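Undergrad: For the record, the sequence lines run as chains A, B, C, D, E and F.
This note's numbering puts the first residue of the first sequence at -13, with every later residue one more than the last.
This note's numbering puts the first residue of the second sequence at -13, with every later residue one more than the last.
This note's numbering puts the first residue of the third sequence at -13, with every later residue one more than the last.
This note's numbering puts the first residue of the fourth sequence at -13, with every later residue one more than the last.
This note's numbering puts the first residue of the fifth sequence at -13, with every later residue one more than the last.
This note's numbering puts the first residue of the sixth sequence at -13, with every later residue one more than the last.
These are computed hints drawn from the structure, not numbers from a lab.
Wrong hints could be hidden among the right ones.
Each pair may be met inside one copy or between any two copies, as identical chains are not told apart.
Each computed EDC-like pair below joins lysine to aspartate or glutamate, with the alpha-carbon atoms no more than 20 Å apart [said to hold, decoys possible]: (1) Lys28 / Asp44; (2) Lys(-9) / Glu14; (3) Lys201 / Asp274; (4) Lys201 / Glu120; (5) Lys102 / Glu308; (6) Lys197 / Glu133; (7) Lys84 / Glu95; (8) Lys156 / Glu308; (9) Lys201 / Glu267; (10) Lys124 / Glu267; (11) Lys201 / Glu281; (12) Lys84 / Asp34; (13) Lys(-11) / Asp295; (14) Lys124 / Asp274; (15) Lys124 / Asp25; (16) Lys(-9) / Glu47; (17) Lys(-11) / Glu118; (18) Lys28 / Asp295; (19) Lys201 / Glu118; (20) Lys197 / Glu267; (21) Lys(-11) / Asp243; (22) Lys300 / Glu14.
All values derive from a computational prediction rather than experimental measurement.
There are 6 protein chains.
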Amino acid sequence: MSKFKAALIGGGSIADKNHIPALKHLSEQVEIVAVCSRDAAKARALADQHSIPFAYSDAGEMYRECHPNLVVICTPNNLHYPFAMQALEQGCHVFCEKPPAIRASEAREMAELAAKKGLVLAYNLQLRQTSEWELLMKCKASGQLGEIYHIKANFLRRRGIPGWGYFTNKEMQGGGALMDLGVHVLDLALCALDYAVPTGILANTYDFIGKTGGKGLMGSWDPQKFEVEDAAMAYLSFATNASIMLSASFALNTQTDIDRNLEVFGSRGGAKLFPLSLYTEVAGELADVNFPYLEAVDIQLKNTSAFVDACLGKPSNVCTAEQGAVLQEVVERIYLSAIR
Amino acid sequence: MSKFKAALIGGGSIADKNHIPALKHLSEQVEIVAVCSRDAAKARALADQHSIPFAYSDAGEMYRECHPNLVVICTPNNLHYPFAMQALEQGCHVFCEKPPAIRASEAREMAELAAKKGLVLAYNLQLRQTSEWELLMKCKASGQLGEIYHIKANFLRRRGIPGWGYFTNKEMQGGGALMDLGVHVLDLALCALDYAVPTGILANTYDFIGKTGGKGLMGSWDPQKFEVEDAAMAYLSFATNASIMLSASFALNTQTDIDRNLEVFGSRGGAKLFPLSLYTEVAGELADVNFPYLEAVDIQLKNTSAFVDACLGKPSNVCTAEQGAVLQEVVERIYLSAIR
Amino acid sequence: MSKFKAALIGGGSIADKNHIPALKHLSEQVEIVAVCSRDAAKARALADQHSIPFAYSDAGEMYRECHPNLVVICTPNNLHYPFAMQALEQGCHVFCEKPPAIRASEAREMAELAAKKGLVLAYNLQLRQTSEWELLMKCKASGQLGEIYHIKANFLRRRGIPGWGYFTNKEMQGGGALMDLGVHVLDLALCALDYAVPTGILANTYDFIGKTGGKGLMGSWDPQKFEVEDAAMAYLSFATNASIMLSASFALNTQTDIDRNLEVFGSRGGAKLFPLSLYTEVAGELADVNFPYLEAVDIQLKNTSAFVDACLGKPSNVCTAEQGAVLQEVVERIYLSAIR
Amino acid sequence: MSKFKAALIGGGSIADKNHIPALKHLSEQVEIVAVCSRDAAKARALADQHSIPFAYSDAGEMYRECHPNLVVICTPNNLHYPFAMQALEQGCHVFCEKPPAIRASEAREMAELAAKKGLVLAYNLQLRQTSEWELLMKCKASGQLGEIYHIKANFLRRRGIPGWGYFTNKEMQGGGALMDLGVHVLDLALCALDYAVPTGILANTYDFIGKTGGKGLMGSWDPQKFEVEDAAMAYLSFATNASIMLSASFALNTQTDIDRNLEVFGSRGGAKLFPLSLYTEVAGELADVNFPYLEAVDIQLKNTSAFVDACLGKPSNVCTAEQGAVLQEVVERIYLSAIR
Amino acid sequence: MSKFKAALIGGGSIADKNHIPALKHLSEQVEIVAVCSRDAAKARALADQHSIPFAYSDAGEMYRECHPNLVVICTPNNLHYPFAMQALEQGCHVFCEKPPAIRASEAREMAELAAKKGLVLAYNLQLRQTSEWELLMKCKASGQLGEIYHIKANFLRRRGIPGWGYFTNKEMQGGGALMDLGVHVLDLALCALDYAVPTGILANTYDFIGKTGGKGLMGSWDPQKFEVEDAAMAYLSFATNASIMLSASFALNTQTDIDRNLEVFGSRGGAKLFPLSLYTEVAGELADVNFPYLEAVDIQLKNTSAFVDACLGKPSNVCTAEQGAVLQEVVERIYLSAIR
Amino acid sequence: MSKFKAALIGGGSIADKNHIPALKHLSEQVEIVAVCSRDAAKARALADQHSIPFAYSDAGEMYRECHPNLVVICTPNNLHYPFAMQALEQGCHVFCEKPPAIRASEAREMAELAAKKGLVLAYNLQLRQTSEWELLMKCKASGQLGEIYHIKANFLRRRGIPGWGYFTNKEMQGGGALMDLGVHVLDLALCALDYAVPTGILANTYDFIGKTGGKGLMGSWDPQKFEVEDAAMAYLSFATNASIMLSASFALNTQTDIDRNLEVFGSRGGAKLFPLSLYTEVAGELADVNFPYLEAVDIQLKNTSAFVDACLGKPSNVCTAEQGAVLQEVVERIYLSAIR
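Here chain A stands alone, though its shape is the one from the complex (with noise of 0.2 Å):
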């Protein structure tokens, strides 16, 4: 079998640290054809530095010369809809960063267009790669966990407000915390539930630290610039009765700097991650599991590797087209619902 020729798109540090080293472990089933950024200068160094055939500063260009079949998105997310578009045009798999996109009509767009095209468009929610998270859905499958209905998931940072990059730019990012963190703790959060769509949605978000300033733990920020939510929550209803509690932060005044957890509680068993212990009864007693030697994996060589399972028609557990579309749908609504 021939080799995915695949493509980057987007040539900052995702691209950098993530995406080329993901792909290079792969190397007997992708080849890495060409990098593509704006600026032509980094897209240059990028492939020189990993050894990359070729650099483009236009993505037309890229497509001329390079026939990539396979895609990687990594730009700031407004352009996720129209490099996704265009690529699914040119007949390429694509694997986006996350969030899908800005707006849930072009995740619902790209989605359409993906499957219209009979192409793989996935998007990098490398969570659901973790040892936790994949053990806890063979629990949830086995059955040990019963009907899951209710789901508290976290993505907090004390004073996180990245000092770098756009992640302040209400425009280039859409929003804040939650589209850069939360969607993460969301994606799982709705896996749990089998990615039904919400029927209910109750949120808010603020922006007090973002715009006060203050100490940075992850570099300084411009109060000045500061567009979006340094803080969501959310709370979600399902037509199941089911519910999920949402709280993602750049900055809120909270004991640790980095929190990142879920706990889901089920009829017949409840988990908290991470780390995962499971609370349920064993022998009529109540009883907590723990596992104390799951294995760090790289997880973003795991969502690479099921990205690309999922191209060669293998079953896959990667997000896809469709879930990202409805994860874009639920940001919307809950950016909505704080309008109030």
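Starting from the known structure of chain A, fit chains B, C, D, E and F onto it as the hints suggest.
TA: Coordinates of chains B, C, D, E and F only, in the frame set by chain A:
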């Protein structure tokens, strides 16, 4: 000044263990004259045990013969309303167990009658009296938290469905975990927001474990007779843009047997309790403030004393009739939201 | 149904603190009619203290006058045999302190007489009644441990040679750490193997510290009068290929003052106790299972109750006469092996 | 003084990672002249990597051409005997990996030939070189432990069946957990008893987990090809009345992934390691002695150095040919006992 | 031998809770005949409560009527001197609370009169009786510490200004933290140096917190009436080149509420207490020695018993009149140094 | 602005590891032109290793040829004075290693010459640059500590006599633990008191362990050649009534291998470091304030940078010539006090 003449309505353990001892500690201001219970023998035994002069099974008779001017109501929830109305009509100040009533309209009526009569009606939500909460309210008052915009309030039991009393009886109690446990932390959360009335509420209630049965840590319960919610999850949104996430459970597959905690997030500082820690900045650095030597206090005594202070026209932090009406309204709207 | 008429033989603290309180808790089934001790004054005092009608210094007289049908024996070890034989001859059910006897032949004879008379003879090995052990036996029964093939059973004291009673007197007690402590965990280990009889035994006993003297944590002892083993180490091998490592000590240069624990290794899971943890696989990963909310129970009350159940012909997990005979045989073979 | 001319037989990772680096550190005394492996390419690669002059696939050729006078054997266990005999016949000192051989008679023969030839034959049991063990032996020598009478020696892995090499091949390795892991702690335990020969041995071996399969923490293994014991339990009794409890496992349902520890009980003091703590009396009180600043040492380097010291006629604590013969005899008797 | 006839002077809680219970435990040697307090009613009540035959408000009367031969003085500090002198004149052995007196000259005079009269005068510095200190003195005696050359002695409270009694009254108590707390650890430090007299003293005292007021952990105090030091810091240098750093506080902005500890540095070993740890070398390695099973003892009973032993001419480690005179001299010199 | 031309005098590891890397980080302001060491080869090697143009063994020659205007002195202590005087005479700013000199008069002379010449002379006491100390000084400046009145300053090693260099040579180093370690924490303590000059000093020095020998944790030392103090204890009293307790050791029988800490007691708050905690009152309750996210910083780089700032006339917290003169005076007075 003459002492208040107090009567208790309800002859259960809350009268025996909480209210009577507290009132006796306040013997310079209050004299217990009678105890009244549907069960005449119970009333008699309680009166004898605590050397209370009179015991009744009929409240009307009690009012006629003893002329109390202060009444403590500790009956099942569905009797709060009729007994409180009667007591107010009789010209008595009323100290009523939580929740205020079964329906929001009842609590509203009670507040209106108290106002009309110029009497004190207050509720026994005694977590307000903990050293931790009082200290937090001091910090709020002095501006150390800035504007409070989000609160997570939890009162969760793993397997704490009470194996005694009427706790699982819908008609007598009006509900389960929310009515019995949730109101305590909801009251605190509303205090932190100056008892604003939420503009939006979204909620769900559950009864998986209650209806299935299993190991109990607070006695055994009969799943056949389990009529209330074992868990309630709710989100409250306010006109000020503040929000509350509320979780209450009798039974939930979670780690600890009893987890009663709040997180309060403000623009200048945050707090977690119990115990109390503050998360803020000191001299430009992120600082955690702990209070290793806070006193344990008798919160029932302090709350009863706060009620008596209110009756004497002194400043008091006891839960007022008006606050109780708001609290009951919120509870009712949570249940309504959960019906969908 | 009429109550059992119980008599106690032996007037020491084990009667006073363990057996009499337990029997009194079971007053619906048992009535204590007499206590008998070589020391008439002691018998009298004990009877008075617990409002027991009669006190004797002669057992024959007691049988003639009181006609008990249930006898509890809590004398020094060398009197278990004669008093148990006498009680059985008198037609009484017998609840005897551990160890069953001094010699294996005695315990065997006792079991045979009980069988012949159709009476219950049982031994007070009450660790069987701990929540941890009962839960472990449930797990065993449900197959969660698979086939149990190795057990490490330890009852070790660092400097716990009792400074009172007859514990160091060879003639009265028959031995030291093994007779007094080791039998408890040996009984559990044998239960885990369905009370199989070992085919091979290799063992050693020691008395270095007992004969040298030094610091005592349970009173002082006289090294001149130390006649028993301060430590016993034994290995038991079974026809099923199972094995037990048994360690018991009154005195040993080890870390903790008292270390009573078992490790049970099965083909599908292992366990450590006390407290109880399971080591197994869940969903294909190595899992540790803990039981944070096991109840502390009154194991003496439960064991006495189990004995009474046996007398009533109900199912019971009390140590039977037959098991006691096997236990005594193993103890004797351990001492024999250690003589080499 | 001229340097030893060293050759290595066996080209696996133990040569690569342990022996060659150690020998190179001792370059003032030893010069590595050749490496020999059945697999010529492997020998060549290893020689090149470490700048060793010659590589052979035939040992005879190596002896003829290189004339080494010091040979390190790190082949599969079943080749220890033939290669050691050959090396001794060639007049070389021999440093052999553990276990000494497959059969007791082989190790005995090897020791006899070494003695006859006046050559050093020693075994790489390098736990003797840990700071903890050396310190314990000093304490033993100075009498701080008194007479040592009981030892518990454990080398337990929870799921550590090696997923590489020949570890589960009965013919090549002679056994499993006992041969590979148990010999390390058995060697230490025997050292503590001055390498006395046990008079009684009772033992069992198991293969439940190895033959069933499951999660592996050291790679995956094939249960179909699992021919050795996954656990060995043994009791050794000595003429001096001392005793040893030995436990070794590749796989056991126990808590920790790797638990390598010894407890040594003496008449005046006891010890637990690793790390080392002493349990004794100081000034008439029970005292625990810890050594918080013991150095971590390169035990392979120290053991190789001890072997070279022995070759130079200096005092050395390396495991001697005679000790190796006793060790192998004990191992064989354990297996024999377990056959029953 | 006839019993001592004991009288107590001072009717406060130290008589009630410490001295009377201790004397009663020693009823074979001592009989309490009278209690004397300026406040006749207090004396009467105390006598009644403890079944002491006589109560006085006038000491002279007490001596005339009761003829005690052993007097315990537990008055405010400024009365130690006059009552001790009177008691000695009356031919009584005297057991006096700490500190010995207000002025050094008083303690010296008291010691001289006791010597002249051949009577025992001793002080109640009961920390000497802790198991930890006794064990440390044994280690010192056996040479395990070598030459002791430096001691850090601390008795620090964070906010422990007593809210009762006369503790902040300069005239009655003579000083604050040094007089009340510091003398305890100073006494121990001087014991470690064989009660040598320091050649140089440099010291400072403070009253910032005491005079400012604030949160109290031992009741509230009136900053207006705070006349003593809330903290004393001192350095003592000895002719032997030994040195002591002494710190005592009623109030200090430090971590723990009460921190009473000593560090003792000797040429062969050091110690920290409470609890006691030794830092030394064992077998050539740095070793920490802990004593996990030291008994908690009733130090008041042991100290009273030591005083009685002294009265009986037996060996005793109670603080002697001579040591008390040195202690008081050091205290006075610390205050003098602090005046600068 | 032109860059400073820097030269280093002293070719040891402190030049290699600390000063040269720091200066190179400041390459926009400083250019290293030469390195000078008595040992010409050492100078050469150091220059080559760091690409420094010139190497000298004669400082005079260096000044003549290279004309540096900034000199870093990192020689043995006894050469600080002559080289600093020479450098100042040559018109260079001087950054000198601690301690300032051997004698107080030297440091005073150095300060006077620097003042006369209008040059910067500063000392490398880099603990001032820790995040913890800088934050504490901010808290002091903002009044959060009130008046600071007592400081405990410790720099203690258990067995840290350096086994290399000249640390135990009295003539070259001027002293031991005080000169090498004590000055660091003494400098901080004096900073906390605005570098007041103490009015009273009492001190002792010791050399028991240094002269006896034993286990070393920082290499081995020769007790025969141990000429300095292994421990210094001192008390400093100030005209403001403030006081300092100072303890420094190379070797002391204490718990931890290295214990470098300060406690600072003020009228409104106290502090302990490292790490930094504050002990104060918040909202009327005792509060502990911790700073969990302080950054680890390169204190050498920050201190060198502070020195360069001073040379540029910018504000700087580097230890000044005047402070160094006071520090040296205090050190000398401590040694003088200890001679008694």
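Undergrad: State for each hint whether it applies.
TA: Hints, verified against the model:
| no. | hint | verdict |
| --- | --- | --- |
| 1 | Lys28 / Asp44 | within (13 Å within a copy, 50 Å between copies) |
| 2 | Lys(-9) / Glu14 | within (11 Å within a copy, 46 Å between copies) |
| 3 | Lys201 / Asp274 | between (39 Å within a copy, 14 Å between copies) |
| 4 | Lys201 / Glu120 | between (36 Å within a copy, 15 Å between copies) |
| 5 | Lys102 / Glu308 | within (13 Å within a copy, 60 Å between copies) |
| 6 | Lys197 / Glu133 | between (42 Å within a copy, 14 Å between copies) |
| 7 | Lys84 / Glu95 | within (16 Å within a copy, 53 Å between copies) |
| 8 | Lys156 / Glu308 | neither (25 Å within a copy, 42 Å between copies) |
| 9 | Lys201 / Glu267 | between (45 Å within a copy, 8 Å between copies) |
| 10 | Lys124 / Glu267 | both (18 Å within a copy, 13 Å between copies) |
| 11 | Lys201 / Glu281 | between (35 Å within a copy, 11 Å between copies) |
| 12 | Lys84 / Asp34 | neither (26 Å within a copy, 48 Å between copies) |
| 13 | Lys(-11) / Asp295 | within (12 Å within a copy, 59 Å between copies) |
| 14 | Lys124 / Asp274 | both (17 Å within a copy, 17 Å between copies) |
| 15 | Lys124 / Asp25 | neither (44 Å within a copy, 44 Å between copies) |
| 16 | Lys(-9) / Glu47 | within (16 Å within a copy, 53 Å between copies) |
| 17 | Lys(-11) / Glu118 | neither (31 Å within a copy, 56 Å between copies) |
| 18 | Lys28 / Asp295 | neither (30 Å within a copy, 36 Å between copies) |
| 19 | Lys201 / Glu118 | between (33 Å within a copy, 15 Å between copies) |
| 20 | Lys197 / Glu267 | between (47 Å within a copy, 16 Å between copies) |
| 21 | Lys(-11) / Asp243 | neither (42 Å within a copy, 40 Å between copies) |
| 22 | Lys300 / Glu14 | within (16 Å within a copy, 57 Å between copies) |
The structure does not agree with the numbered hints 8, 12, 15, 17, 18, 21 stated previously, though it agrees with the rest.
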